[in-house]
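Work out the full structure: start from the sequences and follow the hints.
Protein chains: 2
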Amino acid sequence: MRKVGVIGLGLIGGSFAISMREQYEGVELIGLDVSESHRNQALDLGWIDAAYDVKELNMLKTCDMVFLAVPVTVICELIGKVLDIVDDHTLVVDAGSTKQEICRVVKDHPKRAQFLACHPIAGTEFSGPKAAIKELFAQKIQILCEFDKTRADLAHNALAVFEGMQMEIRYMDPVMHDKHLAYVSHLSHISSFMLGKTVMQLEPDEKNIFDMAGSGFESTVRLAKSSPEMWAPIFVQNKENVIDSLERYIDNLQQFKENLIEENEAFIRAEMKDINSIKSILNRIPTNNKSQ
Amino acid sequence: MRKVGVIGLGLIGGSFAISMREQYEGVELIGLDVSESHRNQALDLGWIDAAYDVKELNMLKTCDMVFLAVPVTVICELIGKVLDIVDDHTLVVDAGSTKQEICRVVKDHPKRAQFLACHPIAGTEFSGPKAAIKELFAQKIQILCEFDKTRADLAHNALAVFEGMQMEIRYMDPVMHDKHLAYVSHLSHISSFMLGKTVMQLEPDEKNIFDMAGSGFESTVRLAKSSPEMWAPIFVQNKENVIDSLERYIDNLQQFKENLIEENEAFIRAEMKDINSIKSILNRIPTNNKSQ
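Taken in sequence, the protein lines are chains F and X.
If you're matching positions, the first sequence starts at 0 in numbering that gives the first Met the number 0 and goes up one per residue.
If you're matching positions, the second sequence starts at 0 in numbering that gives the first Met the number 0 and goes up one per residue.
None of these hints come from the bench; they were simulated from the model.
One or more of the hints may lead you astray.
Identical copies look the same in the list; a pair holds intra-copy or inter-copy alike.
[Stated by the list, open to error] Below, a list of computed lysine-lysine pairs in the DSS-like style, where the Cα atoms sit at most 27 Å apart:
1) Lys60 - Lys238
2) Lys129 - Lys2
3) Lys278 - Lys129
4) Lys206 - Lys238
5) Lys272 - Lys238
6) Lys256 - Lys60
7) Lys106 - Lys238
8) Lys148 - Lys206
9) Lys80 - Lys278
10) Lys256 - Lys80
11) Lys148 - Lys60
Here it is, written out as structure tokens:
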């Protein structure tokens, strides 16, 4: 990798750029972002060598690799244009949290084989260039979708990059990817955002939230700090699966409420004990996979 | 403080014992617990000098201070009996997460003035004697209810103990306490438990939960590891406030779902942006108040 382009200079794009700089000595890194302030911050932080507006996609032509780390709707808009522009040797990779629509959009593109659909299971609740960190991807899961549709030499390059970052590779169908992510990740974000909303409605005096946040609220609401620009398009793009999981969640809350009304304490206790088994699942997660 | 009794040798009782040992050189610490295994663990860990079954409340007679750290229903059962037994100079303190029912139960006891209703806003998702840690209470909020009903000399002693632990004191009415805690803490626990339940229902293959937990689930579900023995009685005892907050939460989730069905992306994004303001509230929390 001698020249790499990153579209979207936030937490994910920035952390990717930093990792590439570490891994490939002398690599030239160029960054594209709609925001001038993000471009300037990224230049100041030193993890890119040159910055351009997203309109200037032609700057990516000679890159060995292009990494798209923008909201999923923007990935869908840009992916075809990026493929149109780049040379035959360029590998194009995205980092979107949905995969079905992105794979659909790119399906019939003449350069489909130069694209690899990815989803790094990595992040924090922070966003923007300053949130980027060197170790974000190390020991994290990298999900690759439709791997067999990527040209063998480029797929090989992609694996070398991700293995260099010490990522763990998983292969998945885009339909299954979107289902699993709705259940495990997207629902968590919605439950957290709605918890934040509810508590702010019920507690107009912020002092009380502040004083009592140590009693469980702080960790449960952490994801409600996440970027609406990234997350609103994810929910809409994965609407069907998200709604399925939301309905199940609401049903469970409703049922819990009814048991509470009836004061079925023994039932509630037994149910909570069952749910405690989540411990044994979570305990298998390595500590450095717990960033978000 | 020369002799201190702790009822309930778990995370809270144990952390209290460790702090007392640190603070009062030569203090004699006795521990009561229904579980023989907990008693033995506490003795092995060395933070109590002697252990008894909870039936042997008479062992507490000559204590300068008795600390009740058992489920709230058990506090209600024991509090009168403890007060019956203890000497005139004994301060009795509880650490229950509800305050209204506990204050009601003790209201007409002839030794009401020897009791102080407390709630330390401190904890982790772990439980049992081995979960006890020295620094649990440092820089945490200690809520005191009906402080003026406690005899002045004993109230003074209690403040000295909590200030020695570097706790921050707040005074609160029991009715308001239970309301605030339902909104900020109890609802967070239910949302987390129900999230754990939903994800386990939707993802029968634990491998998928494990692989994707880094994408938000792990932090949001953390409270679902909490002890059902402690929490089921809290929900039931604070039933009305908990149901109020649950209803509001379910309404908000329902509304979110309807907006998603309509694909009101702009609305969803604007709402999430509003909720992001939770950041500025949470940023005021000192790091060491973030344990749970």
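Which numbered hints are broken by the structure, listed smallest first? When the structure is compared with the hints, numbers 1, 6, 9 and 10 turn out to be violated.
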